[in-house]
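Participant: Chain order of the listed sequences is A and B. Sequential numbering from 2 applies to the first sequence in the working numbering. Sequential numbering from 2 applies to the second sequence in the working numbering.
If you are wondering where the hints come from, they were derived from the structure by calculation, not from laboratory data. All values reported here derive from a predicted model rather than from experimental measurement. Even for Gly, the Cβ is constructed at its ideal location relative to N, Cα and C. Please note: incorrect hints may appear among the correct ones.
To be verified - Computed footprint of chain A on chain B; a stretch qualifies when at least three of its residues, placed anywhere within it, have a C-beta under 8 angstroms from a C-beta of chain A:
#: 1; region: 37-45
#: 2; region: 48-59
#: 3; region: 83-94
#: 4; region: 105-113
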Amino acid sequence: AQKITQTQPGMFVQEKEAVTLDCTYDTSDPSYGLFWYKQPSSGEMIFLIYQGSYDQQNATEGRYSLNFQKARKSANLVISASQLGDSAMYFCAMREGPGNEKLTFGTGTRLTIIP
Amino acid sequence: EAGVAQSPRYKIIEKRQSVAFWCNPISGHATLYWYQQILGQGPKLLIQFQNNGVVDDSQLPKDRFSAERLKGVDSTLKIQPAKLEDSAVYLCASSLVASGFYNEQFFGPGTRLTVL
Chain A
2 AQKITQTQPG MFVQEKEAVT LDCTYDTSDP SYGLFWYKQP SSGEMIFLIY QGSYDQQNAT
62 EGRYSLNFQK ARKSANLVIS ASQLGDSAMY FCAMREGPGN EKLTFGTGTR LTIIP
Chain B
2 EAGVAQSPRY KIIEKRQSVA FWCNPISGHA TLYWYQQILG QGPKLLIQFQ NNGVVDDSQL
62 PKDRFSAERL KGVDSTLKIQ PAKLEDSAVY LCASSLVASG FYNEQFFGPG TRLTVL
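One chain only, chain A, in its complex shape (with noise of 0.2 angstroms):
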C-alpha cells in the first residue's frame, strides 16, 4: 500500500484564488508527522508547512495552512490568494515514528496559476 497518496496529477488556478492540495497517508504509528515541500522548475526541495501528529491546531504558515483530518487520514494543503510564483510541483511527506529521520514522499502534484 502506499505510504502516502497524491491523487491530483496537475491542476490549474487562477492567480488569486486558493488551492487544496490533496494529501491521504497511511501508518500505523501513532507518532509521525506530515510536510509539504514545492518543487519549482529550478528542482530544489523547499519546505513550505509541518504538521505533527499530536498537534491539536492546524499548522499555517503565511499563505500556506495544512487542512489536518486525522480520522480521515489526509493532510490537504491549501494555498489562499494564489500567484504566479507558486507554480511548481508540490510534494506531501511523512515521517513515521520518534528518531526516525527517513522521508516517505508521494507522487506529486503539479500546479499551474494562470493569469
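Since the structure of chain A is provided, determine the placement of chain B on it from the hints.
Facilitator: Positioned in the frame of chain A, the structure of chain B alone reads:
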C-alpha cells in the same frame, strides 16, 4: 547562510560507465541524505549519514551504488556501473540534528543524470 551545494548539475553518461556526485551540506548540519528522484515520482531516500556514519542505507542498491561522507562534512555518491534505470535527479539534503520529530531537511538543487 549558504545552502546545500551539489555538483555537477547535469551529467550525461553511457550505460556501464561510472559517475560520481558531490554534496556539501549546510555548515554545522550533522545529518546528510541522498535521494533519488525518477521522473514523475517523489524523491526516494537512498542513504542517510549522521556525521560520518551510515544510519540508513536500506534502499541503496549496494551492488552498484556507494556513498561516503569523509570527516562528517562533504559527501560523494558513486554509481558503477550505471544502468539506464539510474537516469534520475539525485538530491542531497541536510538537517541540523537527527533527533526530535520536527527536523527540517534542506535540499540542494540536485544533479540530473541521464544514462544513454
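Participant: Does each hint fit the structure? Answer for all of them.
Facilitator: Hints and how they fare:
Counting residues of the region 37-45 of chain B whose beta carbon lies closer than 8 angstroms to any beta carbon of chain A gives 5, which reaches the threshold of three, so the coverage claim holds. Check on the region 48-59 of chain B: 3 of its residues sit with their Cβ under 8 angstroms from a Cβ of chain A, so the three-residue criterion for coverage holds. Counting residues of the region 83-94 of chain B whose CB lies closer than 8 angstroms to any CB of chain A gives 3, so the stated coverage by that chain holds, three being the minimum. For the region 105-113 of chain B, the assignment as covered by chain A holds, since 8 residues bring a beta-carbon within under 8 angstroms of that chain's beta-carbons and 3 suffice.
The structure is consistent with each of the numbered hints, conforming to all of them.
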